[in-house]
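Participant: Residue-level listing of the chains:
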Amino acid sequence: MRLELGSFPVTDVVFGSSTGWDAGVLRIARQEIEGLVLTDRNISRLDIQIVHPGDSARIINMRDRIEPRVKVKGPGVTYPGVFGRPVTRVGTGVTHRLGGMNIVQCADPSQLSSEEERTWPPLRPVRSFTDMSGPGAITPSSTVVNLCLTMETRRGLPGEDWHAALSSATLRVADRLAETVRHLTPPETEVFESDPAPGLPRVVSIFNLASDEWFCGARSVLGTSVYGQTRLSAPWLLSATELIDGAVYHSGHSGNTATMTNNPVVLRMARSHGRDCDYAGVLIQRTNWTTQAEKEMAADRLAHLASSLGAQGAVLTTDIRGQRFVETILGVQACERAGIKTVLLTPEEDDENGGAPPLLITASEVVSVVSTGTGGQELSFPAVKVVAGVFDPDPAVFGPQPGIHGQYGQSYFNDIYGVGRQGCVDH
Amino acid sequence: MAKEIERFGIPVAVLTAIPMIPLSVGASRVVRGIRVEHVCGDPRLSHELDRAVTRNIVATALRAVQTEVDSPTLFEPANAPASSESAHAS
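Just so you know, the sequences run in chain order A and B. Heads up, the first sequence is in the working numbering, so the first residue is 1 and it goes up one at a time. Heads up, the second sequence is in the working numbering, so the first residue is 1 and it goes up one at a time.
Hint data in this document are derived by calculation from the structure and do not stem from the laboratory. A portion of the hints provided could be inaccurate.
Per label pair, the in silico range of CB-to-CB distance [said to hold, decoys possible]:
1. S46/B / D276/A: 55 to 61 Å
2. P72/B / G409/A: 52 to 58 Å
3. K3/B / E116/A: 30 to 36 Å
All C-beta atoms in this analysis are idealised placements derived from N, C-alpha and C, irrespective of residue type, glycine included.
My request is simple: use the sequences and hints to build the entire structure.
Facilitator: Listed below in structure tokens is the structure:
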């Protein structure tokens, strides 16, 4: 498989009379974007804000962030399978992307009329707030220009429909913006090949990604999906290029889609393919099985699949926290027992000054661990001039915010994939 | 919490669907329940069988707190009635 990824750098996003990309500036016609969002009559209100790296700005109510990408050649569409998009397998041909910008989907879950749904993890924002400058500028969001779409729906929409309306609108805007560069020649092109590279160490990456099936049901649209499927399943095998084309859609509390299309683990391993390693692909392990026997079964299937692919080494990531971490550790254990050298890349729990273990559980097979920190940012966050992601911000949201101590259920930035910007601050 | 209570000399049985977690943090008596969503029962069963499942798990827990242990120990509810879930978990 071969994918050419053409990048069109975006250094600024500005409002203009028409929509187009030229020499690093993405111009957007506000009315056109408003039309694309509000064409769904479930969406009653929209605000568009642009915030830049270094701005005295804070984004709240972030539900997802996504990078505009379009298939120029080859089968399928980007972000396949979600909200009625074709499920055709992606990952070959040519894809164009607008790099250096994200479309940020913002909505306040208090719009939901069901009190119960407001507390559902997949309907909660990614994190409480994201700063673009100061000590909070340690997330990937603070490195890109963010086009924030703040939306409100009509009252009484069930959570599933709320999520679908907001996400579909975000995708309509992403598609429109990506379309501006479909026929242009990209300033930068990167080629990803995935033909086997015999003679080099055969490696896989393994991502544990929670499914919310256990309380949302098998057909829910909520939470992380692979080709639109949110349910618990046997492990998926994807090529790196499928992730680059958006096969993993990752929204809500568990993360965001841009993290999967620009995944540092996938990109690093795909770039090393044929040079330092023979990268067999990404195994997606869906987690939140709810008996230990099921978790053991899932771990065994994972190791079996990795072995069948001839893997000698694996980099395994977690979605940490609670019972899901059991699947993470069982996965490492099963792979190591199958003779696959496995590195666990994971955030840590708060060690309570040495009084608590840094990982919820472990096993003797867990011998190689890379930590990405506890997710905290202890420094306080200064006041900001701009707040995006909300219609009538409470004045307190502009004010200084206390530092956040990373611990169970509380983090500023839960760095699952080792983006690494936090490491500079913490250690 | 179980460990803190036991420090005062009161034996504790932890009922859980995922025994690995309490066992790994050193809880002394762990009883395997059915599933994360319904640890002590099984809503897919008839009322009678569900009750039997619950009684069985609670009885196992009572047996556990009367049993001396010197390291983290898993107690499996025995003689489970015909439940696909409990068969699965055993």
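Participant: Find the hints from earlier in the document that the structure breaks and name them by number, from lowest to highest.
Facilitator: Hint check: 2 fails alone, others pass.
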